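K.L.:
Going letter by letter, the sequence shown gives residues 0 to 162 in numbering that gives the first Met the number 0.
To be clear, the hints were calculated from the coordinates, so they are not data collected in a lab. Computed from a predicted model, the values in this text were never measured in an experiment. Glycine is no exception: its CB is placed at the ideal position from the N, C-alpha and C atoms. Accuracy of the hints is not assured; some may be wrong.
Pairwise CB distance ranges (calculated) [stated by the list, open to error]:
1) G75 / R146: 16 to 22 Å
2) G75 / E140: 15 to 21 Å
3) D147 / G10: 29 to 35 Å
4) G151 / V95: 20 to 26 Å
5) P94 / P117: 18 to 24 Å
6) L38 / R146: 21 to 27 Å
7) G139 / S29: 33 to 39 Å
8) D33 / D147: 33 to 39 Å
9) D74 / N26: 29 to 35 Å
10) Q14 / G75: 34 to 40 Å
11) S29 / S155: 39 to 45 Å
12) R146 / I59: 18 to 24 Å
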Amino acid sequence: MKKIGSDDLAGLSTQAQLSPRQRMNLNLHSDLADPVQRLAIAMEPGTYIRPHNHRQTWEILIPLQGRFVVLTFDDGGVVTERAVLGEGDCAVEIPVGGWHAVLSLDEGGVIFEVKRGPYAPFREEDFAAWSPAADDGAHGELMRWFRDAEVGERWSGCGGGCS
0 MKKIGSDDLA GLSTQAQLSP RQRMNLNLHS DLADPVQRLA IAMEPGTYIR
50 PHNHRQTWEI LIPLQGRFVV LTFDDGGVVT ERAVLGEGDC AVEIPVGGWH
100 AVLSLDEGGV IFEVKRGPYA PFREEDFAAW SPAADDGAHG ELMRWFRDAE
150 VGERWSGCGG GCS
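Can you make the complete structure from the sequences, with help from the hints?
P.N.:
Structure below.
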């Protein structure tokens, strides 16, 4: 039996706080080729999850501690759905190919993710062209926008295209 306890969550959060990316994961799957990927991800409020999609799989997100804004987008970057996990919403499923982003609202936040494997690293085309790359300073502005973005709104910080 595999378990994740409160000590595991605390340790994972500490590792995320010390990480330059401000996140760290704990895999329950034993191999990256596993047909079902299951992992707890500690995410600090400063971590940037660039809007992306998984062209071959759905994704389920469940908060273990803390609150998370989850946004879905159409191809042009308009918010189509908004959920706040850990504050009324208990879980979301992102459909295959759905553009989405996640923002951690709380220090020590940990989210549980389940998706079909095997693991596939992101390619540039998996990221929304209208969103800034992680090394682009505009990503901080986009993250601030995520916090309050509502259905029907579009972020305009990159004027329709980022590099």
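K.L.:
Need the list of violated hint numbers for this structure, in ascending order.
P.N.:
The structure conflicts with no hint, since it agrees with every one listed earlier.
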